[in-house]
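J.: One-letter residues, chain by chain:
There are 2 protein chains.
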Amino acid sequence: MIQAKGYAAQDKSSELAPWNFHRREVGPHDIQIAIRYCGVCHSDLHQIRDDWGGATFPMIPGHEIVGIVTNAGTHVKKVQAGQWVAVGNMVDSCRICDNCRQGLEQYCTTHISFTYNSTEQNGLPTYGGYSNIIVVHEDFVFTVSEKLDMSAVAPLLCAGITVYSPLRHWKVGEGHRLAVLGLGGLGHMAVKFGVAFGAEVTVLSTSPAKEADAKALGAHRFLVTRDAEQMKSAAGYFDFILDTVSADHAFDPYLALLRTNGTHIVLGLPSEPATFRLGNIVFGRKSMAGSLIGGIPETQEMLDYCAGHHIVADVELIDMKNIYVAFDRMVKGDVRYRFVIDMATL
Amino acid sequence: MIQAKGYAAQDKSSELAPWNFHRREVGPHDIQIAIRYCGVCHSDLHQIRDDWGGATFPMIPGHEIVGIVTNAGTHVKKVQAGQWVAVGNMVDSCRICDNCRQGLEQYCTTHISFTYNSTEQNGLPTYGGYSNIIVVHEDFVFTVSEKLDMSAVAPLLCAGITVYSPLRHWKVGEGHRLAVLGLGGLGHMAVKFGVAFGAEVTVLSTSPAKEADAKALGAHRFLVTRDAEQMKSAAGYFDFILDTVSADHAFDPYLALLRTNGTHIVLGLPSEPATFRLGNIVFGRKSMAGSLIGGIPETQEMLDYCAGHHIVADVELIDMKNIYVAFDRMVKGDVRYRFVIDMATL
Numbered sequence: 005m006i007q008a009k010g011y012a013a014q015d016k017s018s019e020l021a022p023w024n025f026h027r028r029e030v031g032p033h034d035i036q037i038a039i040r041y042c043g044v045c046h047s048d049l050h051q052i053r054d055d056w057g058g059a060t061f062p063m064i065p066g067h068e069i070v071g072i073v074t075n076a077g078t079h080v081k082k083v084q085a086g087q088w089v090a091v092g093n094m095v096d097s098c099r100i101c102d103n104c105r106q107g108l109e110q111y112c113t114t115h116i117s118f119t120y121n122s123t124e125q126n127g128l129p130t131y132g133g134y135s136n137i138i139v140v141h142e143d144f145v146f147t148v149s150e151k152l153d154m155s156a157v158a159p160l161l162c163a164g165i166t167v168y169s170p171l172r173h174w175k176v177g178e179g180h181r182l183a184v185l186g187l188g189g190l191g192h193m194a195v196k197f198g199v200a201f202g203a204e205v206t207v208l209s210t211s212p213a214k215e216a217d218a219k220a221l222g223a224h225r226f227l228v229t230r231d232a233e234q235m236k237s238a239a240g241y242f243d244f245i246l247d248t249v250s251a252d253h254a255f256d257p258y259l260a261l262l263r264t265n266g267t268h269i270v271l272g273l274p275s276e277p278a279t280f281r282l283g284n285i286v287f288g289r290k291s292m293a294g295s296l297i298g299g300i301p302e303t304q305e306m307l308d309y310c311a312g313h314h315i316v317a318d319v320e321l322i323d324m325k326n327i328y329v330a331f332d333r334m335v336k337g338d339v340r341y342r343f344v345i346d347m348a349t350l
Numbered sequence: 005m006i007q008a009k010g011y012a013a014q015d016k017s018s019e020l021a022p023w024n025f026h027r028r029e030v031g032p033h034d035i036q037i038a039i040r041y042c043g044v045c046h047s048d049l050h051q052i053r054d055d056w057g058g059a060t061f062p063m064i065p066g067h068e069i070v071g072i073v074t075n076a077g078t079h080v081k082k083v084q085a086g087q088w089v090a091v092g093n094m095v096d097s098c099r100i101c102d103n104c105r106q107g108l109e110q111y112c113t114t115h116i117s118f119t120y121n122s123t124e125q126n127g128l129p130t131y132g133g134y135s136n137i138i139v140v141h142e143d144f145v146f147t148v149s150e151k152l153d154m155s156a157v158a159p160l161l162c163a164g165i166t167v168y169s170p171l172r173h174w175k176v177g178e179g180h181r182l183a184v185l186g187l188g189g190l191g192h193m194a195v196k197f198g199v200a201f202g203a204e205v206t207v208l209s210t211s212p213a214k215e216a217d218a219k220a221l222g223a224h225r226f227l228v229t230r231d232a233e234q235m236k237s238a239a240g241y242f243d244f245i246l247d248t249v250s251a252d253h254a255f256d257p258y259l260a261l262l263r264t265n266g267t268h269i270v271l272g273l274p275s276e277p278a279t280f281r282l283g284n285i286v287f288g289r290k291s292m293a294g295s296l297i298g299g300i301p302e303t304q305e306m307l308d309y310c311a312g313h314h315i316v317a318d319v320e321l322i323d324m325k326n327i328y329v330a331f332d333r334m335v336k337g338d339v340r341y342r343f344v345i346d347m348a349t350l
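Chains as they are written, first to last, in the numbering used here: chain X, 5 to 350; chain B, 5 to 350.
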């Protein structure tokens, strides 16, 4: 067993605090990684508080992991010691269901091993990236170009792939009008990718103050959703709305912004059920769709695309001990656009 | 003006009764039709009762119209007197918006002239097919092969195209598992088209008694939705669910039946908003979509397809005076599968 340390929650009402634990020995197909950066995802906070139910403790959150290979199993060919690599939301899956065979491991119908608050295929608990070491099967480890700023790569592993995957699946690009609802960790990556793919990108936000930021990220247009006149004038305008909002919200006002055949793509998981009038999709042959992170081949494709197009997240680097300062600011939306923990400060 | 007669509702609380009115003179591009058959659509009853609001009276319902050309304007080339023709949900549209130019007149963004309870492009009211004569611009008149049973063609103009259009739009066919929710006027046509297009078709129904009927129509499988075991065993099974139910109903149990990338297509307009858990579309990249009737080119395509494949509706022919007997039975679901009025009985 490998001695490791991290920040863990011991139960749903306790705060993250230093905790010593063990990682498994490096097997023939495993890669041992010294974690250098880990992004802070809103779901980290939801899970340590057991907001979605079913949490298991102790829990070490973190699934936007970038680090350096320190050891590799005898059968590992894809990396060598000293190389930068990354790990995202998953560390394994059943590998044999239809979805796994198609590289859609995120929709594995049998058993996904999420990076934390989950179990390995053998049933042992998984622990996330708020830690100094992780051991992962090579098939779930990504290579990262050294051309990129590594701290700014970390958020690509969740916020990045969560927007990249639906944009690719629905073939969003030139000639399309894309609306990005919400300008946070996911939203700011959606603007960058949408612009890179050739779409006309509009940020939809409740706050007029975000217009300058949206434009600085490359957005072509900005729409204040609380302005009834602006909403009315954009009726029937968009081909796609990428909805990154995880808080409960109405859908009818956004469905009205879609043109015929338009698609509203939900990426967040509000706690309340969605409610909308069916006439708002029947008239105009519109769709409301969902999408969850991305598969393993697509995540590597995204990282390679980012290297080729110099795309990374905008981040604020923090020390491990300041995680609750970061959580508080994240909940208020006061971050441009993702906190990343410098794991050297653990 | 042309003297005509029909069955009209004078206001939302009065029953349909004989009414004399006028049709416009036949213009250069108009076709005058002696109506022989008119299908009875559930929306006819909704509209004369003003269930959806905004109704205008007097109202003559009926938008599943088959008849014989008795007169054609000087510029009309597509038909001649004595020929069988049909008219559906629309008698005109703006013709210049993007959707109209693409043959998606049903999604006209300016002004659709529905066949009744609507207005012509010049603002005059439209009156439907529970009448002896109709005058329609040739562009909104369809030709019908004389090979088909004309009374059984009538329901194709609404029930038929409403299911044909989404099956074609989503390219449902060989290799797909299609579920048809509800076995009424729309549902029985969805089974026929789904089977003709090569899909594996399953009828979902609350009533085990409908299994024999479903199989007789060509369905390969039957699932009783009130049977928890059957529902559980079909989890993740279907590529598409065609939802023909116009009553309020839950969606979560059906979303669970979809496989990854599956689509639930809503065709009805329940009065209450749809409510479902977003996790049920995010996990599995599923969609809930809507679809409204079909465009003019696609409706002609459907009628030609039906002629080539000997597909018509299963109908019960009724006399005009028995319309309320038919309405009562329709509301109870006691019809296999569409009432059609023999307009010779007007």
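No wet-lab data here; the hints were simulated from the structure.
Since the structure is predicted, the reported quantities are computational estimates derived from the model, not experimental observations.
The reader is advised that the hints may include incorrect statements.
Identical chains blur together in the list; that is why a pair holds if it fits in one copy or across any two.
[Unchecked claim] Capping the alpha-carbon separation at 35 Å, the derived lysine-lysine pairs in DSBU-like fashion look like this:
(1) Lys-219 to Lys-82
(2) Lys-16 to Lys-236
(3) Lys-16 to Lys-336
(4) Lys-81 to Lys-214
J.: Look at each hint and say if it fits the structure.
T.: Quick rundown of the hints versus the structure:
1. Lys-219 to Lys-82: This pair counts as neither: shortest intra-copy Cα distance 39 Å, inter-copy 54 Å.
2. Lys-16 to Lys-236: Cα proximity of Lys-16 and Lys-236: across copies only (32 Å, versus 44 Å in one copy).
3. Lys-16 to Lys-336: This pair counts as within: shortest intra-copy Cα distance 21 Å, inter-copy 52 Å.
4. Lys-81 to Lys-214: neither (46 Å within a copy, 59 Å between copies)
The structure does not agree with the numbered hints 1 and 4 stated previously, though it agrees with the rest.
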